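Fit chain C to the given chain U structure using the hints.
Note that the protein sequences, when read in sequence, are chains U and C. Numbering-wise (our numbering), the first sequence opens with residue 1329 and increments by one. Numbering-wise (our numbering), the second sequence opens with residue 10 and increments by one.
Just so you know, not all the hints are guaranteed correct.
[Stated by the list, open to error] Residues on chain U that point at chain C, a partial pick, calculated with CB under 8 Å:
id, residue
1, 1378
2, 1398
3, 1406
4, 1417
5, 1425
6, 1426
7, 1432
8, 1433
9, 1435
10, 1438
11, 1461
Quick caveat, the hints were computed from the structure, so don't treat them as lab data. Computed from a predicted structure; not experimentally measured. We put the beta carbon where it would ideally sit given N, CA and C, even for glycine.
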Amino acid sequence: MNAVELTGVALARGGRTVLAGVDAHIAPGEFIAILGPNGSGKTTLLQAILGLIQPARGEIRILGQKATPGAATVGYLPQKRGSISDMPLRGWDFVASAVKGERWGLPRIKAEDRADIAGALALVEATGLAARPMAQLSGGEVQRMLLAKALLGRPKVLLLDEPLMSLDLRFQAGVVALVRRIQKDLGLTVLFTAHELNPLLEAIDRVFYLAEGRAALGPVDEIVTSEMLSRLYRTPIDVIRLPDGRRIVVSAHGEIDIHAHHHDL
Amino acid sequence: MLITTIFDYDFMRTAFAAGTIVAIVAGAVGYFLVLRNLAFAGHALSHVGFAGATGAVLVGVAPLWGLVSFTLAAGIAMGLLGERLRGRDVAVGIILSLALGFGVLFLHFYTSFATQTTSLLFGNVLGVSIGGVWNLFALAVAALVGLGIISRPLLFASVDPEMAEARGVSLRRVSVLFLVVVALAVAEATQVVGILLVFSLMVGPAAAALRLSNRFTMALAISIGFAVAQTWLGIVMAFVTDWPPSFWITLISCLTYGCSLLVTWPGRARYRKIVARDVAPAP
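One chain only, chain U, in its complex shape (with noise of 0.2 Å):
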């Protein structure tokens, strides 16, 4: 069974059809990196299979069931998060705040729930960042506790939307190695969008690549070329190998990242 399944899917936001003729097969425990310039569809794709927006035409299976919102099986980091910098609860009472939170009824934390807690707090090695007020955390730490709120319930495909955003390029290091390790430990599905390639590189299996309202997996070899890179993101890209094998993207215009470049489409 896989792990994320799209079968002839078309997605269409406010009248306008965004991808269309949507075919993939993800199978459990894949690292994937969602690639495509901005207004490609990344986070309209991430909302279909939250089951937030049904597909137009064909389906969308998590795990042999249909996506549906507030499944158990997937968690979800989404990419607007609310200002953090004057949250007034400490590290624990914001994960709390997620745990059973789409239920009705008083916010009671039952043991089960404060093993829950713990267990994601400890995953994401934020223990010690639990009784520390959300407002003085750092960026790096602030995303390692949205990532502990994402792991409760222990979900088995793991939706992360731009994670590295706003992060200094050390700590999008962190994020991503920490993601591929939970990953390993927990045999998670990761589908993980990002503007900024380099950091990812290492960690990820297959790349979709979203591009003119079509959406295709492939391997990374053949998706992370100067060629197929130019051509998704319309600007000048090359893919250089270093004598270790590892890949580095570079813009034309000779920077690393290539949202600085991106041409809204």
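Okay, now just chain C, sitting in the frame of chain U:
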């Protein structure tokens, strides 16, 4: 003894009963109001309530029910408009003024209402009747049961709306239901501190509590505790000085919040260090 003297009077006993009921609701609802950055929504609802209260008197209904129906209608409308109200301060302000304007018009047609107007605007906890206490109790039960039912998704949606929505929480439904609860709480608070001073009961204690604790349960308890304490102290001081209780409650609310600003969390110095480290240019 002062306390025994105070409780010799019926009106003082009812004032304490009414004040306690209202303070518990205001402290609990206020916590979420401040957490959601909706402090001014409470203020706005109370202004709309003024038109309802004066209008009710004009048609021969008790002002409390006019107040409740208008704040409820306005709360539902605000919840439904939701995001579209953000940044529309001018529009909201004009609607509020209009509500107060209608209140003035209704008063104009019902001239003998002048003394009650002061009670409506600035509260009159010492004038609450036994029947009034039961009305407040019924409203309080409705508000607290409502808050209890929605509190879990409300907390989730207040802390992280995007994640809550992805998990199937309807942000609009939660927002509308919460503003219904706020409307009930505002109507209650006006019975103690009046329409113009609702802030002092609903926002002051909660804002101080959020500064003093970053644990959800603890902050909620502190918020309720402060609201109750400042109401009791306000009524006692009014008894001692013969000054209006609303004055004392607003003063104590302000002092409490002021003191909370002086308290520094351990680790605040560390926070400054982190900020300095993060913004420092690379060597």
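(message) Hint residue 1433 (chain U) vs chain C: min CB-CB distance below 8 Å?
(response) This hint holds: residue 1433 (chain U) lies near chain C, its Cβ roughly 5 Å from the closest one there, short of 8 Å.
(request) Please verify that hint: residue 1438 (chain U), Cβ, nearest Cβ of chain C, below 8 Å or not. (result) Hint violated; residue 1438 (chain U) Cβ to chain C Cβ min 12 Å, cut 8 Å.
(request) Under 8 Å, Cβ to Cβ, is where residue 1398 (chain U) needs to be relative to chain C, so tell me if that hint holds or is violated. (result) 3 Å, holds
(message) Does residue 1461 (chain U) hold up as a contact with chain C if the rule is Cβ-Cβ below 8 Å?
(response) Holds: closest Cβ of chain C sits about 5 Å from residue 1461 (chain U), inside 8 Å.
(message) Is the interface hint satisfied for residue 1432 (chain U)? The criterion is a beta-carbon contact with chain C at less than 8 Å.
(response) 5 Å, holds
(request) Using 8 Å as the Cβ threshold, decide whether residue 1378 (chain U) counts as touching chain C. (result) 5 Å, holds
(message) Please check whether residue 1425 (chain U) passes as an interface residue: C-beta within 8 Å of a C-beta belonging to chain C.
(response) Holds, about 4 Å.
(message) Tell me if the interface restraint on residue 1435 (chain U) is satisfied: Cβ within less than 8 Å of some Cβ in chain C.
(response) 4 Å, holds
(message) Is the interface hint satisfied for residue 1426 (chain U)? The criterion is a beta-carbon contact with chain C at less than 8 Å.
(response) For residue 1426 (chain U), the interface hint holds, since the closest Cβ of chain C sits about 6 Å away, which is under 8 Å.
(message) Does the closest beta carbon of chain C sit nearer than 8 Å to the beta carbon of residue 1406 (chain U)?
(response) Holds - the Cβ of residue 1406 (chain U) comes within 8 Å of chain C, reaching about 4 Å at its closest.
(request) Would you check whether residue 1417 (chain U) satisfies its interface hint, that is, whether its CB is within less than 8 Å of any CB in chain C? (result) Residue 1417 (chain U) check passes; min Cβ-Cβ to chain C is 5 Å, inside 8 Å.
When the structure is compared with the earlier hints, a violation turns up for hint 10 alone.
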